[in-house]
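Novice: For reference, the chains in residue letters:
Number of protein chains: 2
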Amino acid sequence: MKVAIIGGGAAGMTAASRIKALQPSWEVVVFEKSKYVSHAPCGVPFYISGMVEHFEELCTYPTEYFVQERGLDVRTQTKVVEVGDHYLIAEKDGKEYTYEWDKLLFATGAKAERLSTKNDEMDGILYVDNFEKAREVKSAAMKANRVVIVGSGYIGVEMALALVKLGKRVTVIEASERPLPEYDAEMAAILKSEMEKYLELKLSEKVIDFEGKDKVEKVITNKSEYSCDLVVVAAGMSPNTKLAEKIVKIGKKGAIKTNSRMQTSNEDVYAAGDCAESINLVTKKPDWIAAAAPANKMGYVAGVNIAGKELHYPGSLKSQFSSFMDLEIGKTGLSEHEAVKEGYDVVSTFITSRTSAKYLPNGLIHLKVVAERNGRLLGVQAMGKGVAMRIYGAIVLLYNNCSIKDLFFADFPYYPPLTRVWDPLVIAARNLFRKVGLP
Amino acid sequence: MKVAIIGGGAAGMTAASRIKALQPSWEVVVFEKSKYVSHAPCGVPFYISGMVEHFEELCTYPTEYFVQERGLDVRTQTKVVEVGDHYLIAEKDGKEYTYEWDKLLFATGAKAERLSTKNDEMDGILYVDNFEKAREVKSAAMKANRVVIVGSGYIGVEMALALVKLGKRVTVIEASERPLPEYDAEMAAILKSEMEKYLELKLSEKVIDFEGKDKVEKVITNKSEYSCDLVVVAAGMSPNTKLAEKIVKIGKKGAIKTNSRMQTSNEDVYAAGDCAESINLVTKKPDWIAAAAPANKMGYVAGVNIAGKELHYPGSLKSQFSSFMDLEIGKTGLSEHEAVKEGYDVVSTFITSRTSAKYLPNGLIHLKVVAERNGRLLGVQAMGKGVAMRIYGAIVLLYNNCSIKDLFFADFPYYPPLTRVWDPLVIAARNLFRKVGLP
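So the sequences go chain by chain: A and B.
Residue numbers for the first sequence, in the working numbering: 22 to 460.
Residue numbers for the second sequence, in the working numbering: 22 to 460.
Don't read these hints as lab results, they were simulated from the structure.
There are no misleading hints in this set.
Same chains, same names: a pair is fine if it fits in one copy or spans any two.
With a Cα cut of at most 27 Å, we get these calculated DSS-like pairs of lysine-lysine: (1) K274 - K362; (2) K306 - K426; (3) K159 - K379; (4) K132 - K306; (5) K379 - K406; (6) K56 - K100; (7) K379 - K132; (8) K186 - K379; (9) K379 - K56; (10) K186 - K406; (11) K139 - K227; (12) K379 - K54; (13) K278 - K426; (14) K305 - K426; (15) K236 - K132; (16) K379 - K154; (17) K456 - K330; (18) K330 - K426; (19) K154 - K227; (20) K263 - K100.
So here's chain A without its partners, still in its complex pose (with noise of 0.2 Å):
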């Protein structure tokens, strides 16, 4: 048996080293047009602020690791310009060559979106498009002195943090009323508070256009214009599904339709990480959730599957972590404003309170609970101090379909330099019974 795998990233590297583990006489061919393999974008903007000092840490394995210990065949620097049946042509170094598979897995990934402005492909415009513009971002930032990022969604907040502890001057212009959008407007006050201590943040602004000689200098709004050497744009991810559209069906959502086996619509093509689509485990239905994690676990299914061997994904919560400065955030499940266009009957309940017991106190948190009106739970969000651990707890309870009357009993322990007698989690179950008339 042959296995194509089209891209490196992480659900490409899980399910190859699958199949292999699973089936070892195989032959197992990956094909990634970076020189990179396992790459981990999540860790771009430590590098960019100077934590992580070499770009090849962010790659969990190295290349040769894949071909010695696991026994993958990887062909780096190779791109895959034509997908048919049972066939793919690929391209390295100017010569093509055609590979004949009998089982194939599309793990492309997502591509930034481009503003499609008049000037937006400009010298000092850069995309964080692929892992390996992250180089070309920090050698640029490290000669800038104003920096304007377009859109604040967890990249570019953590774009503009990282630039903002490499020193620069930044500016966020984000076209839509708050920072984060998928958080609820209290929320992301919270968060638009702590980066306005830091950067210039421009809200309800869209970018129009840019200008500048050789090089971008000017930024231009529908408000106002910004100077600065370079612009990072971070307006949106969309999934990468050139390849696949003429052998396979797309969702709703533009990702490749998947089944629970991340099988597509044509039984020996399998896709998964952030071109796939997967079940939101709050709405049931089929989406777009691209974030590493899940990448990683629709990759190991994939793999599983495509071997022979039976295992399903469930799906995923869009969780989400991130932070500013001092001020952790996180997110699992649905906000509010995104569970009304839903359709769901909500209820929900904001609160700030201390994270551990009045006597040792280690901070506060602010937390969002929204719930239907008969009970079951949509999502959390929180910022401030022990976000994660309340995140952590709120995730098992949206994967279990639990209801406000489980949150209130799971039994999350008192250790007062930890948690209140009350967690702040129960709390908020508490203002939720009232709201639906529990005693």
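The hints should help you fit chain B onto chain A, whose structure is shown.
Specialist: Just chain B now, with coordinates in the frame of chain A:
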């Protein structure tokens, strides 16, 4: 309606407040033998070590708050000496009086086990018996040089740490072969090596007696003897059921038998907190689980039901956090030896993992996951860094009867400073996949 509540700790005050909130016209009387209510003994070690300056800070609220804000009749320094059919006899300042009740709640807590050696009541030997003892221990500790602690359960370990922080020479004597005997040996070994940096830890050693002229000067064990000026005994607790025994049934573990409404064998009598039985959510059997957060929730449920509404307490998991210096400690559900004792066919994995991306190291976590061979999770133990978030996740997994597949698929996100792409919990799940034959 007249409701009598015996004991003004976490369970008692929560129940009392709940009843008054739901039935404002009812008379709710709390009988508390000490001067304090809503006392939180979990904070005692932080008072001993000096992290908390004033003893009163350990109470969640002062008595006046419950009287003025919540309309309760709180009778402190009042000891209930007898309970009979719809009456009780209370004693204050040597005077006894009868109080007739329609509904009664036992919230009498737990007491420290005596060592029952010949001289175990000698001066300078202190049992952390009740909340007010903390003052006595603190003032004795301030004068002492060498302290012996008998027992190394959570209370023993935390008292030892408090006394080390106070600059005392501390010896801990433990009858079992490891500290925190509820943990498995490989976990306890990590704590042992941390403790031994700061104190003398004597394992598999039994206290036979004490010697001294006016006060304790020496602890005699089956192996050796230890000079000291103070002994703190933390050799286990047991439910305080002396008053209850005459009118309600006691369960197998020695605590007051209850149903999920926290109702005893007598329909007008309820029990909550450390004196009451509750369901162990792993074994599904009645158990004695004495801890602050469950006590509060049992109190809440008892209060709701006493007030004529309906709410059911599902039980708990014996979830616990602690720490020793920089070592974070946590456990939920059963350890392997506890699971074997319960008769489960057990598989387990013990791992040591980075808690975050390799290029942003923030320490190691040691993790043990115990499951049934059919895949159901039975318990998780953790020590090191990043313990709280993993235990919060594990708690909800156990609360929902989850399997090792759920441990793998629960949507724990990747954020390089805080987690790994494959979270330590997920690495443990994969190890267990191999052990039970999952792909």
